[in-house]
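Enquirer: Chains as they are written, first to last, in this note's numbering: chain Y, 147 to 392; chain R, 30 to 274; chain U, -17 to 200.
Note that these hints are calculated values from the structure, not bench results. Do not rely on the hints blindly, as some may be mistaken.
To be clear about the criterion: a stretch of chain U counts as covered by chain Y if any three or more of its residues have a C-beta under 8 Å from a C-beta of chain Y, and this derived list gives those stretches [what the hints assert, rightly or not]: (1) 61 to 69; (2) 170 to 177.
On the chain Y side, residues computed to face chain U include the following (Cβ under 8 Å) [claimed, not checked]: (3) GLY184; (4) MET196; (5) GLY197; (6) VAL200; (7) ILE201; (8) ASP205; (9) ASP217; (10) LEU301; (11) TYR303.
Once the Cα atoms are required to be at most 35 Å apart in a straight line, the calculated DSBU-like pairs of lysine-lysine come out as [what the hints assert, rightly or not]: (12) LYS300/Y / LYS244/Y; (13) LYS171/Y / LYS145/R; (14) LYS194/Y / LYS195/U; (15) LYS145/R / LYS204/R; (16) LYS153/U / LYS300/Y; (17) LYS171/Y / LYS194/Y; (18) LYS195/U / LYS304/Y; (19) LYS91/U / LYS167/Y; (20) LYS195/U / LYS259/R; (21) LYS283/Y / LYS304/Y; (22) LYS73/U / LYS283/Y; (23) LYS194/Y / LYS153/U; (24) LYS195/U / LYS254/R.
Note that CB positions come from ideal geometry on N, CA and C, so glycine has one too.
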Amino acid sequence: MDVSVIFPSKNRECYIKRAVKTAFKAKHVTEVIVVDGGSRDRTIELAKRMGAKVIVQSDLTYPGKGIAMRDGAYLSRGDVLVYLDVDIRNLTPDFVEKLTEPIINGEAEFVKGCFERAAGRVTELVAKPLLRMFYPKLARFKQPLSGEIAGLRKLFYKVNFERGWGVDVGLLIDFYKLGVRIVERDIGYKDHDMKPLYALTDMAYEVATAILKRAVKDHIIDAQWAERYLKDVKKLDFGEFEEGFA
Amino acid sequence: MSQLIGDIALRIIIAGSIIIVTYFISNYTRLSLERILSKFGASFAKRIAEISRCFILLIGVVVAISVLSLDVTAISIIAIIISLLVLISARDIVLNLASELYIVMRRPFRENDQIKVGDVEGMVRSIRALDTEIVTYDGEVVIVPNSYFLKYPVINKSQSIVRNIELKLIFPGRKFEEIKPVVQEILSELKPELFGEPEILSINEMEDKVEAFISLPIVNVRKLKWLAAKITKSLLSRGIEVEIE
Amino acid sequence: MRTVLIGGGSHSAYFAINAVREIDPYGRLVVIEFTSEKVDVLSRMFPFAELIRLDIDEVDSYVRSNSSIIDVVITATESDALNLRYCKMSKENAIPIIISIINNPLNAKIFADEGITYVINPYDFIHRELAEILEADVNILYRFHKTDILLASIKISKDALLHYLRKEIGKSHDLSAIFVSKTGEVTNSIDKVGLGWKAYLIGTRLTVEQILKNVRWL
Chain Y
147 MDVSVIFPSK NRECYIKRAV KTAFKAKHVT EVIVVDGGSR DRTIELAKRM
197 GAKVIVQSDL TYPGKGIAMR DGAYLSRGDV LVYLDVDIRN LTPDFVEKLT
247 EPIINGEAEF VKGCFERAAG RVTELVAKPL LRMFYPKLAR FKQPLSGEIA
297 GLRKLFYKVN FERGWGVDVG LLIDFYKLGV RIVERDIGYK DHDMKPLYAL
347 TDMAYEVATA ILKRAVKDHI IDAQWAERYL KDVKKLDFGE FEEGFA
Chain R
30 MSQLIGDIAL RIIIAGSIII VTYFISNYTR LSLERILSKF GASFAKRIAE
80 ISRCFILLIG VVVAISVLSL DVTAISIIAI IISLLVLISA RDIVLNLASE
130 LYIVMRRPFR ENDQIKVGDV EGMVRSIRAL DTEIVTYDGE VVIVPNSYFL
180 KYPVINKSQS IVRNIELKLI FPGRKFEEIK PVVQEILSEL KPELFGEPEI
230 LSINEMEDKV EAFISLPIVN VRKLKWLAAK ITKSLLSRGI EVEIE
Chain U
-17 MRTVLIGGGS HSAYFAINAV REIDPYGRLV VIEFTSEKVD VLSRMFPFAE
33 LIRLDIDEVD SYVRSNSSII DVVITATESD ALNLRYCKMS KENAIPIIIS
83 IINNPLNAKI FADEGITYVI NPYDFIHREL AEILEADVNI LYRFHKTDIL
133 LASIKISKDA LLHYLRKEIG KSHDLSAIFV SKTGEVTNSI DKVGLGWKAY
183 LIGTRLTVEQ ILKNVRWL
């Protein structure tokens, strides 16, 4: 099985050379794709020089991570796709191999990477509670928002990618609904900058939207459900809603 | 003794500095050349830039060696002999590389152009350092060494996307009156696959046959075989035999 | 001729399909989309076209197996990655004319570096339209893809510029011009031209580019 490694990236000239070089060293990797988000530095030039295929994502609207991931999937030729953050300081070929191993040995079709790191705020405060509410079987994932994922290329063509930060949890839910065999793999310690708090508002909003949209589409959220669920919660001052939902 | 050591150390420092300066000059030259020549193609620009960089590094190494007061004469002579041997034995390679320079800078043709050179006619799929890939009208891929383009004139047929191909249809044992309307009908059926109006150039009745010359305006010349097969099938379904040239 | 347009459901594809129909009204037009819903809508919008629903990977096999009879491939999907992929595949299969309508103008160079000759950037017009409306001093209006001809406009704001253009137009065999005054008067004779007029030049790319370069120095 051939593996394609995809790096969505923007203004990451400091990391790109090492990331591409490291990805090529991993077993079974035949191509590395860098999907650029409109860099103003030398990211594209350096990526090309290291032998990566480069494309600028089709739509530059912020944040656009999902568009970058989708474009990477479309450009790739490998049987297995691996998505990684380009600015992982301790990136080794091991990251790629741990993600692809369950797929190559037939154990899974989609792998979610988890890593040792301080708990993500959006993960713990937004994603996990909402998943527990609406998709309890997915609540077992330690890092449902992890961007370190791998999967069979043909699977990525069966789903719609969210445009922004909700893409990772969106893919998880969509693959779960398709009955895809999903495993979570520990890829070790990830040395990576965490976003500052003020930058998390948009992320939290998009993650919540991705989950709630799917819950509505799957008819998990409706008035009767909300009434049943809220009755189980300790009494709060609902004012006019005390009589129940209409 | 200490003076000698000092002298050697100084030479080493100077030689080292020359290597370092040469390294930076060669890198800067490579990047500049790549940028300037990029309009002729990224891979071509990269190749020329890399060759220039190696050449500058070589000069730097030779100068550094001479600063170290090593005898460069023997090394230079050996290097010249080896270079001459390589050039003589690899003259075809050198000629092909030089031809690539001619093709890229003079542009007698580009990728996707329809060309004829010598006995080879078809569409240029890719222009590479030593050779050019041409896809012929039969769908075969011909690898042509670039030096070929210096030996034979290149006819570039790409000014228009449309090529008018003439076919001769021979109808044994038929008459003019029965063939003309049939040929008109067939051309009408073929129209969606052509670009523009097909033409009946002439229909001549001979003793034992009718010969019709038609002109088909096509874009993909590989389609010719398919069109000929379609004409034959269409005529056979009307009970008419035909030979196509 | 047989034209295959991939990604019929996009904005740019809409214009492309109508244009192809106008240019080649009797030709065969095949439009490929990836979902049944889009194919259904498009078949009603464009009854003259043959609509095919294919998976992303199936498009490769379709073009490959029909490459000897396809004349033109136009890629107009909403993803430049997909457009590039199909262009490269078409090139490998020796399709004579490959055209890509890109979504992100920043990909134009990437496509050109991959050897895709005809890349249409729908945003190209923004700069030149604004330059024309806001009366920029110099404006490159159009570069013809297939020939080496360039169309540009220059505002004649200085005597030195008028003198220079008079000299260039007089001596060049591969350059023509018409001139438009502020009041809308049009002439092809530079002798009638004064300051404030606009010159529209058409000529070989090298000649016009050289003039534009020199004009910037005047």
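Enquirer: Would you mind marking each hint as holding or not holding in the structure?
Expert: These are the hints, each one checked on the structure:
1. A count of 6 residues in the segment 61 to 69 of chain U with a Cβ less than 8 Å from any Cβ of chain Y is obtained; the coverage claim is therefore met, three being the minimum.
2. With a cut-off of 8 Å between beta carbons, the segment 170 to 177 of chain U has 0 residues touching chain Y; three or more are needed, and the interface restraint is violated.
3. Taking 8 Å as the C-beta cut-off, the interface hint given for GLY184/Y holds, the closest approach to chain U being about 6 Å.
4. Proximity of MET196/Y to chain U is violated relative to the hint, the smallest CB-CB distance being about 15 Å (cut-off 8 Å).
5. Taken as an interface hint, GLY197/Y does not check out: its beta carbon lies about 14 Å from the nearest beta carbon of chain U, beyond 8 Å.
6. The closest approach between the C-beta of VAL200/Y and any C-beta of chain U is roughly 6 Å, which is under the 8 Å cut-off, so the hint is satisfied.
7. A hinted interface residue such as ILE201/Y counts as satisfied when its beta carbon comes closer than 8 Å to some beta carbon of chain U; here the least separation is about 5 Å, so the hint holds.
8. A least Cβ separation of about 7 Å between ASP205/Y and chain U falls short of the 8 Å threshold, and the interface hint therefore holds.
9. Evaluation of the ASP217/Y hint against chain U yields a held restraint, the C-beta minimum of about 4 Å falling below 8 Å.
10. About 12 Å separates the beta-carbon of LEU301/Y from the nearest beta-carbon of chain U, more than 8 Å, and the hint is not met.
11. A distance limit of 8 Å between C-beta atoms decides the matter here; for TYR303/Y the minimum to chain U is near 5 Å, and the interface restraint holds.
12. Pair hint LYS300/Y plus LYS244/Y holds up; C-alpha atoms about 20 Å apart against a cutoff of 35 Å.
13. Of the supplied pair hints, the one linking LYS171/Y and LYS145/R is violated, its CA atoms being roughly 44 Å apart against a limit of 35 Å.
14. As the CA atoms of LYS194/Y and LYS195/U are separated by approximately 31 Å, the hinted pair is consistent with the 35 Å bound.
15. For the hint pairing LYS145/R with LYS204/R, the CA-to-CA distance comes to about 38 Å; that exceeds 35 Å, so the pair is violated.
16. Under the criterion of a C-alpha separation no larger than 35 Å, the hint pairing LYS153/U with LYS300/Y is inconsistent with the structure, at around 62 Å.
17. Restraint check for LYS171/Y and LYS194/Y: the C-alpha separation of about 16 Å stays at or below 35 Å, so the hint holds.
18. The straight-line distance between the Cα atoms of LYS195/U and LYS304/Y is roughly 52 Å, outside the 35 Å bound, and the hint therefore fails.
19. Using a Cα cut-off of 35 Å, the hinted pair LYS91/U and LYS167/Y holds, with the two alpha carbons roughly 24 Å apart.
20. With a C-alpha separation of about 55 Å, the suggested pair LYS195/U and LYS259/R falls outside the 35 Å cut-off, and the hint is violated.
21. About 21 Å separates the Cα atoms of LYS283/Y and LYS304/Y, which keeps this hinted pair within 35 Å; it holds.
22. The straight-line distance between the Cα atoms of LYS73/U and LYS283/Y is roughly 46 Å, outside the 35 Å bound, and the hint therefore fails.
23. Only pairs whose Cα atoms come within 35 Å are accepted, and LYS194/Y paired with LYS153/U is rejected, the gap being roughly 45 Å.
24. Restraint check for LYS195/U and LYS254/R: the C-alpha separation of about 50 Å exceeds 35 Å, so the hint is violated.
When each numbered hint is compared with the structure, violations occur for hints 2, 4, 5, 10, 13, 15, 16, 18, 20, 22, 23, 24.
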